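Visitor: The hints should help you fit chain B onto chain A, whose structure is shown.
Chain by chain, the residues:
There are 2 protein chains.
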Amino acid sequence: MVHAQQTASVLRGASEPAVAVRQGVARRILRTAELMTVVIDFSGGPWREPDPHHSHPHEQTTYVASGEILFLAEGSEPERLGPGDLFAVPSNVPHSIQLLSESARLVDTFHPIREDFL
Amino acid sequence: MVHAQQTASVLRGASEPAVAVRQGVARRILRTAELMTVVIDFSGGPWREPDPHHSHPHEQTTYVASGEILFLAEGSEPERLGPGDLFAVPSNVPHSIQLLSESARLVDTFHPIREDFL
Chain A
1 MVHAQQTASV LRGASEPAVA VRQGVARRIL RTAELMTVVI DFSGGPWREP
51 DPHHSHPHEQ TTYVASGEIL FLAEGSEPER LGPGDLFAVP SNVPHSIQLL
101 SESARLVDTF HPIREDFL
Chain B
1001 MVHAQQTASV LRGASEPAVA VRQGVARRIL RTAELMTVVI DFSGGPWREP
1051 DPHHSHPHEQ TTYVASGEIL FLAEGSEPER LGPGDLFAVP SNVPHSIQLL
1101 SESARLVDTF HPIREDFL
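Sequence lines, in order, name chains A and B.
Using our numbering, read the first sequence as starting at 1 and increasing by one per residue.
Using our numbering, read the second sequence as starting at 1001 and increasing by one per residue.
Since the hints were derived computationally from the structure, they do not count as laboratory data.
One should not assume that every hint holds.
[Stated by the list, open to error] One-sided and incomplete, this derived list gives chain A residues near chain B with beta-carbon spacing under 7 Å:
# : residue
1 : VAL10
2 : GLU34
3 : GLU59
4 : THR61
5 : SER76
6 : GLU79
7 : PHE87
8 : HIS95
9 : VAL107
Note that the structure is predicted; figures quoted are calculated from it, not measured.
The beta carbon of each residue, even a glycine, is placed where N, CA and C say it ideally should be.
If we strip away everything but chain A, and leave its shape as in the complex, we get (with noise of 0.2 Å):
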């Protein structure tokens, strides 16, 4: 994880090593003090089904790198995503994903930070 704390700083995707969560899902984190990112590769799919609704109070906005995925949220239409597609999870609102490609990279970040993650 790289931590900017008084000056700026940078992560390489190159050179900072991704940390495995679970098979096929691994990720790299910069924050900030109130602002985390997570760069999140999956791989390994697609799945046949998604993963179960999850929620937290911190808010999350998405950013679709590469692949396709299935967005899902309570109270929302399932919504197929691809490369240059966004979502936004509000506060506590349930949702997941499911993998339809055989990769895929979503850039997730988060407010506040992710104490669960450090």
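Guide: Same frame as chain A, but now just chain B:
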């Protein structure tokens, strides 16, 4: 601009019109209450010199989705960044970029909301 208020929202890159900020700079905005993600497409590069430094109280993280840039910030060495790299800017740290390729896409996220972008 897409604003996710009570439910999740999606911004599709192909259907959400980009707003021209100035010649060669266009943006699309997705926000929640406290988080704003701005997809910025640059064209007409490379630039002969960096933009003047600017600063804002908002914290910022940026994902380089495509292209090559020079990232400059007070107190740090200039960094040449490409696809998959990121930078983070703490509150009030002066910074700027120089576009090194013909085009580039940056995905900036700010907390709190950039009211000056509304």
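Visitor: If any of the earlier hints don't hold here, list their numbers in rising order.
Guide: Of the numbered hints given earlier, the structure breaks none, since each of them holds.
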